[in-house]
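> In case you want the letters, here they are:
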Amino acid sequence: MGNQFPEGERYFGLENFGNTCYCNSVLQALYFCVPFREHLLDYYANNKSTADADENLLTCLADLHHQSSSSSSSSSSFFFLFLHLSIIDLDIHIHIISSQKKKTGIIAPKRFVQRLKKQNELFRSYMHQDAHEFLNFLLNELVDILEKEARAAKTDPETSSPPEKIPNGLKNAHANGVSKEPLVTWVHKNFQGILTNETRCLQCETVTARDETFFDLSLDIEQNSSITSCLKNFSSTETLNAEDKFFCDKCCSLQEAQKRMKIKKPPHILVIHLKRFKYMEHLGRYKKLSYRVVFPLELKLSDTVEDSDIEYSLFAVVVHVGSGPNHGHYVSLVKSHNHWLFFDDENVEMIDESAVQTFFGSAQEYSSNTDHGYILFYESVNSTVKG
Amino acid sequence: MMNSSNGMISTSSTSANAQSPGLKTYFKTPEGRYKLHYEKTHPSGLLHYAHGKTVTQVTLANLKDKPAPSTPTASSSTFGSASGVRSAAARLLGGSNGSRALSFVGGNGGSKSIGGNSKIGSLGASTSSSSMINSNFDGKGTYLIFNVGDAIFISDLNSQDKDPIKSIHFSNSNPVCHAYDQDSKDGHDLLIGMSSGDVYTVSLRQQLQDVGKKITGAQHYNKDVNECFVSNSRCTGIAWVPGGDGTFVVAHADGNLYVYEKSKDGAGDSSFPVIKDQTQFSVAHARYSKSNPIARWHICQGSINSIAFSNDGTYLATVGRDGYLRVFDYSRELLICGGKSYYGALLCCAWSMDGKYILTGGEDDLVQVWSMEDRKVVAWGEGHNSWVSGVAFDSYWTSPNSDGTGESIMYRFGSVGQDTQLLLWDLEMDEIVVPLRRCPPGGSPTFSTGSQSSHWDNAVPVGSLQPAPSMRDVPKLSPLVAHRVHTEPLSGLIFTQESVLTVCREGHIKIWMRPGVGESQSSTSETVLSSSLKEKPLLSGKVGSSSYKQ
Numbered sequence: 164m165g166n167q168f169p170e171g172e173r174y175f176g177l178e179n180f181g182n183t184c185y186c187n188s189v190l191q192a193l194y195f196c197v198p199f200r201e202h203l204l205d206y207y208a209n210n211k212s213t214a215d216a217d218e219n220l221l222t223c224l225a226d227l228h229h230q231s232s233s234s235s236s237s238s239s240s241f242f243f244l245f246l247h248l249s250i251i252d253l254d255i256h257i258h259i260i261s262s263q264k265k266k267t268g269i270i271a272p273k274r275f276v277q278r279l280k281k282q283n284e285l286f287r288s289y290m291h292q293d294a295h296e297f298l299n300f301l302l303n304e305l306v307d308i309l310e311k312e313a314r315a316a317k318t319d320p321e322t323s324s325p326p327e328k329i330p331n332g333l334k335n336a337h338a339n340g341v342s343k344e345p346l347v348t349w350v351h352k353n354f355q356g357i358l359t360n361e362t363r364c365l366q367c368e369t370v371t372a373r374d375e376t377f378f379d380l381s382l383d384i385e386q387n388s389s390i391t392s393c394l395k396n397f398s399s400t401e402t403l404n405a406e407d408k409f410f411c412d413k414c415c416s417l418q419e420a421q422k423r424m425k426i427k428k429p430p431h432i433l434v435i436h437l438k439r440f441k442y443m444e445h446l447g448r449y450k451k452l453s454y455r456v457v458f459p460l461e462l463k464l465s466d467t468v469e470d471s472d473i474e475y476s477l478f479a480v481v482v483h484v485g486s487g488p489n490h491g492h493y494v495s496l497v498k499s500h501n502h503w504l505f506f507d508d509e510n511v512e513m514i515d516e517s518a519v520q521t522f523f524g525s526a527q528e529y530s531s532n533t534d535h536g537y538i539l540f541y542e543s544v545n546s547t548v549k550g
Numbered sequence: 278m279m280n281s282s283n284g285m286i287s288t289s290s291t292s293a294n295a296q297s298p299g300l301k302t303y304f305k306t307p308e309g310r311y312k313l314h315y316e317k318t319h320p321s322g323l324l325h326y327a328h329g330k331t332v333t334q335v336t337l338a339n340l341k342d343k344p345a346p347s348t349p350t351a352s353s354s355t356f357g358s359a360s361g362v363r364s365a366a367a368r369l370l371g372g373s374n375g376s377r378a379l380s381f382v383g384g385n386g387g388s389k390s391i392g393g394n395s396k397i398g399s400l401g402a403s404t405s406s407s408s409m410i411n412s413n414f415d416g417k418g419t420y421l422i423f424n425v426g427d428a429i430f431i432s433d434l435n436s437q438d439k440d441p442i443k444s445i446h447f448s449n450s451n452p453v454c455h456a457y458d459q460d461s462k463d464g465h466d467l468l469i470g471m472s473s474g475d476v477y478t479v480s481l482r483q484q485l486q487d488v489g490k491k492i493t494g495a496q497h498y499n500k501d502v503n504e505c506f507v508s509n510s511r512c513t514g515i516a517w518v519p520g521g522d523g524t525f526v527v528a529h530a531d532g533n534l535y536v537y538e539k540s541k542d543g544a545g546d547s548s549f550p551v552i553k554d555q556t557q558f559s560v561a562h563a564r565y566s567k568s569n570p571i572a573r574w575h576i577c578q579g580s581i582n583s584i585a586f587s588n589d590g591t592y593l594a595t596v597g598r599d600g601y602l603r604v605f606d607y608s609r610e611l612l613i614c615g616g617k618s619y620y621g622a623l624l625c626c627a628w629s630m631d632g633k634y635i636l637t638g639g640e641d642d643l644v645q646v647w648s649m650e651d652r653k654v655v656a657w658g659e660g661h662n663s664w665v666s667g668v669a670f671d672s673y674w675t676s677p678n679s680d681g682t683g684e685s686i687m688y689r690f691g692s693v694g695q696d697t698q699l700l701l702w703d704l705e706m707d708e709i710v711v712p713l714r715r716c717p718p719g720g721s722p723t724f725s726t727g728s729q730s731s732h733w734d735n736a737v738p739v740g741s742l743q744p745a746p747s748m749r750d751v752p753k754l755s756p757l758v759a760h761r762v763h764t765e766p767l768s769g770l771i772f773t774q775e776s777v778l779t780v781c782r783e784g785h786i787k788i789w790m791r792p793g794v795g796e797s798q799s800s801t802s803e804t805v806l807s808s809s810l811k812e813k814p815l816l817s818g819k820v821g822s823s824s825y826k827q
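Chains D and H are the protein sequences, given in the same order. Whatever position you read off the first sequence (first residue = 1), add 163 for our numbering. Whatever position you read off the second sequence (first residue = 1), add 277 for our numbering.
Honestly, the hints are just simulated from the structure, not real lab data. Among the hints, a few may not be true.
If you want the ones that stay clear, here's a sample from chain D, every Cβ over 12 Å from chain H, calculated [stated by the list, open to error]: (1) Glu178; (2) Phe180; (3) Arg200; (4) His202; (5) Tyr206; (6) Asn303; (7) Val306; (8) Asp307; (9) Ile357; (10) Phe410; (11) Cys411; (12) Leu417; (13) Tyr449; (14) Gly485.
Here are some chain H residues pointing at chain D (derived, C-beta under 7 Å) [claimed, not checked]: (15) Tyr620; (16) Gly621; (17) Glu640; (18) Asp642; (19) Asn662; (20) Ser663; (21) Trp664; (22) Gln695; (23) Asp696; (24) Glu765; (25) Pro766.
Below, in silico cross-link-like pairs of lysine-lysine (DSS-like), each with a Cα-Cα straight-line distance of 27 Å or less [said to hold, decoys possible]: (26) D/Lys395 with D/Lys425; (27) D/Lys450 with D/Lys395; (28) H/Lys541 with H/Lys491; (29) D/Lys498 with H/Lys330; (30) H/Lys330 with D/Lys451; (31) D/Lys422 with D/Lys438; (32) H/Lys462 with H/Lys567; (33) H/Lys653 with D/Lys395; (34) D/Lys427 with D/Lys413; (35) D/Lys427 with H/Lys617; (36) D/Lys408 with D/Lys395; (37) H/Lys617 with D/Lys498; (38) H/Lys567 with H/Lys541; (39) H/Lys553 with H/Lys567; (40) D/Lys395 with H/Lys617.
Note that the coordinates shown come from a computational prediction; the quantities given were computed from them, not determined experimentally. Using N, Cα and C, we set each Cβ at its ideal position, and we do this for glycine too.
Given the sequences, and given the hints that come with them, work out the whole structure.
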C-alpha cells in the first residue's frame with residue numbers, strides 16, 4: 164500500500180472460514196463507513212469506564228481496551244468492538260501477519276462467525292449466505308444491544324453516559340401507539356431514513372400518509388437501467404384497484420387509490436440493496452438477475468418530501484460473484500481517502516476508480532462477467548452525523 | 278413496480294448475432310417512420326476479447342473524390358489499388374459466396390439478416406451506385422470508422438454489407454477515439470487516439486488502399502520512446518480544430534488536453550511544468566518552437582470524457598468526470614462559462630449548428646440543454662432510464678413552422694443511453710423562455726411543480742462555473758420518441774442527411790432512414806404512404822412535412 168493513505172488508516176483482509184465471504188464483504192464496507200466507525204469507537208471510549216452492570220459485556224470491554232491499545236491500530240480495535248457488540252467472545256483470535264507499523268494485514272474473524280452462527284440459525288450452515296440478510300441482521304442486532312443497554316442504564320441512575328433521547332423532529336416517526344419509548348441510537352443516526360407511504364383515495368381524494376423507517380432501500384431492478392431509474396420506479400405512483408383496493412378510513416370502504424412512496428427523511432448513510440435474487444414463479448426457485456444496473460459515484464435523491472436534493476457519494480459496494488443465487492462469492496469495493504480498494508477475503512488491492520464500472524452487471528444474459536454490484540453504500544456529503 | 282420489461286429482456290438476449298429479436302425495425306415520429314436500413318458490425322470473434330475494455334465510437338468520413346496534392350500516389354493509383362482493397366475485403370469477409378445476386382432488399386431491415394450475405398455493390402440511398410465492379414472503394418464515398426477492441430474498422434455507409442471493408446489492428450494498445458477532417462490539405466485526415474495515450478494521424482484513403490491489417494503511413498504522436506513523452510493517460514476524445522490548418526486536440530483521462538500541429542514531428546521534445554493546482558484550469562505552452570504538442574490545457578481533476586468544437590471553431594466544450602461542462606474560447610484560451618450536472622459525471626456533449634446551444638448527457642440520466650446566450654442550463658430532458666452516452670442536434674432538421682413566422686425556432690435533437698434507447702426531442706424557443714413542465718407520459722399526476730426560484734434569472738459572470746441546479750429550478754422536456762434500438766447499451770449517434778446512425782458499446786451500428794428517404798427503392802408492400810411523405814424533402818435537407826406537426 165502506497166503513501167497516499169494517512170498514517171492511522173489500516174487495510175486488513177479478513178480470513179474466510181468456509182463461505183463466510185458474505186460476512187467479510189459487509190464488515191469491510193461498514194468499517195470504511197467512517198461515521199459509523201467513529202461512533203463505534205466513541206461508544207467504546209464512553210463505555211470503558213462504567214461499572215460492571217453487565218459483567219460479560221464490560222469485562223470484555225476492558226479486555227478489549229487493553230488489547231486494542233496495545234495493538235495501537237484503530238482497525239483491529241474496531242473489529243474487536245464490532246465483534247463484541249454482536250455479543251461475540253472477546254477471546255478473539257486475531258493475528259496480524261505483518262508488524263504493527265504496516266498498513267495491511269489479515270484478521271481472522273473466526274469467533275465472530277462462530278458466534279453469529281450460534282446466534283442465528285439462518286447463518287448456521289456452511290451454505291452460501293446472503294450478504295444483505297447479514298447486514299440487516301447485524302444492524303438490527305446492534306440496535307437491540309444498544310437499546311437494551313440504554314434501558315438498563317435508565318434503571319441505574321449512576322450511569323455515566325445516559326443514552327440520548329429522541330430529537331424533536333423525529334417524534335412523528337413513531338407516533339402511532341408505540342408503547343416503549345423509541346431510542347435513537349447511533350446506528351439509527353447513521354442508517355435510518357423515513358419513508359412516507361402516501362395513499363390517495365380516488366373516491367374522496369383524501370391523502371393518507373404513513374411513515375415507516377428503513378435501514379436500507381431494496382430496489383427492483385431492470386436490465387440496462389440505472390440506480391436513478393430504479394429509485395424513480397420505487398417512488399412512482401402505483402394504482403391500487405381490483406383485488407388490491409385500499410381501505411379508506413373516510414369512505415369507510417374499500418376504494419381504488421393511488422399509492423406512492425416518498426423519502427421523508429433521507430438517511431445519512433444510504434444503503435441500496437439491488438434485488439438481484441428473484442423468485443421465479445415458473446421455475447419454482449430463485450434466480451440471479453445479472454442485469455446491468457449502472458450506479459454513479461454521486462447520487463441525489465430527488466423524490467423526497469422536501470424536494471431538497473440531498474447529495475450522496477458512493478463509498479462501498481458489496482459485490483456478488485457468481486451466476487446463481489445458491490453459490491458464489493462476495494467481495495467488496497471500498498473508497499478510502501479518495502482511493503478505491505478491492506477486498507476479497509484476506510486479499511486487499513488498490514484499484515482504479517474506473518474499475519468500479521466493471522461491476523455494473525451484464526447487458527446480455529449469458530456473459531462471462533459474473534461480478535455484480537449487490538449492496539451500494541452512499542454517504543451524504545452535505546450533512547454530518549454527530550452527537 | 279416492475280413491469281413488462283422483464284419479458285422484454287429475456288427475449289432480447291438470445292443471440293448476439295441475429296438481428297436482435299424483440300426489437301422493432303422502425304419507429305414512428307410525427308413526421309413519419311424511421312426505418313432500419315442497414316446494420317454494420319464486425320467479425321464477432323472480437324467481441325469477447327474486447328468486452329468491457331473499450332467502448333465503440335463511430336466517426337463519419339466523407340471521402341471526397343478529389344486529388345490529394347501532397348499524396349500523389351493516392352489519386353493516381355486509385356483504380357489499381359482499389360482491387361487490392363477488394364481482395365482485402367474478400368479475405369476479411371471470409372471469402373464467402375460473394376457472387377450472390379444483387380438482391381437489394383429495401384429499407385425494411387426485417388429480412389436483412391439473410392440478405393446481409395451479399396457482398397456486392399454500394400447500393401444506397403444517396404449513391405445510387407454506378408459501381409458495377411465488386412468494390413466498396415472507388416476513391417470516394419461515405420465511410421463509417423469505428424473502433425472495437427484492438428481494431429479500427431471501416432465500413433461503407435451506403436452499402437448493405439454488414440461487415441467492414443477494412444480493419445486495422447493495433448498490437449500494443451486499443452484505439453478508443455477518432456476524428457476525421459474532410460478538408461485536410463495533405464491527405465492526413467484521420468486522427469486515432471489510443472488507450473495508451475498514443476495518437477496517430479493517417480490518410481483514410483491510404484488505409485483503404487492498403488491490403489494489410491496494420492496501420493500504414495501513420496504519423497505517431499505522444500509515443501512512449503523515452504521518458505519524455507507527455508502523457509500515458511488514456512485518450513478520451515480527439516478533434517481537429519475547425520479551420521485550424523492541421524491543428525488537433527487530444528483529451529486524456531488525467532484531465533489534460535494537448536494541442537498538436539500535425540505538420541510538426543511527433544517525436545519532438547515536449548515537456549510541461551508540473552500542474553500546481555489540479556482543480557484549476559491552466560494552459561502551458563511548449564518551451565521550444567519545434568515541440569509537439571504545442572500546448573497543454575489542464576482542464577479538470579479526473580477524466581475529460583468528451584470534447585466538441587463549435588462549428589466555427591470559436592468555442593471548445595469539454596465534459597468530464599467532475600460533472601462539469603466547460604466552454605472555452607479556443608483561440609484566446611479562456612474559460613467562458615460552464616456548469617455542473619445535476620449529479621455524477623458528464624459523458625458526452627454536442628453543439629447546435631448555430632453555436633447557441635450545447636447538449637450534454639451523463640450519469641444523472643438527464644439530457645441537459647445549455648444556452649450560450651444565458652450561460653446556464655435552460656432545460657433538462659427526462660426520459661432515459663440509464664446514463665446518457667450520446668447526444669447530437671439534428672442539423673438537417675428544419676422546423677415545420679419556421680416558414681414565415683420566424684418566431685418559434687425549433688431544434689430537433691437526439692440522445693442515446695445505456696438503457697439501449699434512442700430518444701428524439703424537440704426544443705422550441707418559447708418553451709424555454711416560459712419554462713413549463715410538460716407532464717411526462719407515465720409520470721406523477723399530483724406532484725408536478727413549475728415554480729421557479731428567483732435566482733434563476735440572475736446574470737452569470739464570465740468565466741464562472743455554475744453549481745448544480747436544483748431539480749425544481751430547471752424546466753423539463755419530454756421526448757418526442759423513445760425507441761429501444763439495440764440490445765446493448767448505446768455509445769453514440771450521428772445524424773446524416775438521410776438517416777440517424779446509432780452505435781452500441783460493443784460495436785454494432787444501425788442506420789435508420791428518415792421518413793420518405795429511400796422509399797422509391799423500397800419494395801416493402803406494407804407502406805402505403807400518405808402523399809405528404811412522398812414529396813422530395815432531401816434536396817433542401819428538410820425532412821417531414823407540416824401536416825404531421827400539431
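> Now tell me, hint by hint, if it's right for this structure.
Hints, verified against the model:
{"no.": "1", "hint": "Glu178", "verdict": "30 Å, holds"}
{"no.": "2", "hint": "Phe180", "verdict": "32 Å, holds"}
{"no.": "3", "hint": "Arg200", "verdict": "25 Å, holds"}
{"no.": "4", "hint": "His202", "verdict": "27 Å, holds"}
{"no.": "5", "hint": "Tyr206", "verdict": "33 Å, holds"}
{"no.": "6", "hint": "Asn303", "verdict": "25 Å, holds"}
{"no.": "7", "hint": "Val306", "verdict": "28 Å, holds"}
{"no.": "8", "hint": "Asp307", "verdict": "31 Å, holds"}
{"no.": "9", "hint": "Ile357", "verdict": "18 Å, holds"}
{"no.": "10", "hint": "Phe410", "verdict": "20 Å, holds"}
{"no.": "11", "hint": "Cys411", "verdict": "16 Å, holds"}
{"no.": "12", "hint": "Leu417", "verdict": "21 Å, holds"}
{"no.": "13", "hint": "Tyr449", "verdict": "15 Å, holds"}
{"no.": "14", "hint": "Gly485", "verdict": "18 Å, holds"}
{"no.": "15", "hint": "Tyr620", "verdict": "5 Å, holds"}
{"no.": "16", "hint": "Gly621", "verdict": "4 Å, holds"}
{"no.": "17", "hint": "Glu640", "verdict": "4 Å, holds"}
{"no.": "18", "hint": "Asp642", "verdict": "5 Å, holds"}
{"no.": "19", "hint": "Asn662", "verdict": "4 Å, holds"}
{"no.": "20", "hint": "Ser663", "verdict": "4 Å, holds"}
{"no.": "21", "hint": "Trp664", "verdict": "6 Å, holds"}
{"no.": "22", "hint": "Gln695", "verdict": "6 Å, holds"}
{"no.": "23", "hint": "Asp696", "verdict": "5 Å, holds"}
{"no.": "24", "hint": "Glu765", "verdict": "5 Å, holds"}
{"no.": "25", "hint": "Pro766", "verdict": "6 Å, holds"}
{"no.": "26", "hint": "D/Lys395 with D/Lys425", "verdict": "10 Å, holds"}
{"no.": "27", "hint": "D/Lys450 with D/Lys395", "verdict": "24 Å, holds"}
{"no.": "28", "hint": "H/Lys541 with H/Lys491", "verdict": "23 Å, holds"}
{"no.": "29", "hint": "D/Lys498 with H/Lys330", "verdict": "22 Å, holds"}
{"no.": "30", "hint": "H/Lys330 with D/Lys451", "verdict": "24 Å, holds"}
{"no.": "31", "hint": "D/Lys422 with D/Lys438", "verdict": "21 Å, holds"}
{"no.": "32", "hint": "H/Lys462 with H/Lys567", "verdict": "21 Å, holds"}
{"no.": "33", "hint": "H/Lys653 with D/Lys395", "verdict": "26 Å, holds"}
{"no.": "34", "hint": "D/Lys427 with D/Lys413", "verdict": "24 Å, holds"}
{"no.": "35", "hint": "D/Lys427 with H/Lys617", "verdict": "26 Å, holds"}
{"no.": "36", "hint": "D/Lys408 with D/Lys395", "verdict": "23 Å, holds"}
{"no.": "37", "hint": "H/Lys617 with D/Lys498", "verdict": "23 Å, holds"}
{"no.": "38", "hint": "H/Lys567 with H/Lys541", "verdict": "7 Å, holds"}
{"no.": "39", "hint": "H/Lys553 with H/Lys567", "verdict": "25 Å, holds"}
{"no.": "40", "hint": "D/Lys395 with H/Lys617", "verdict": "22 Å, holds"}
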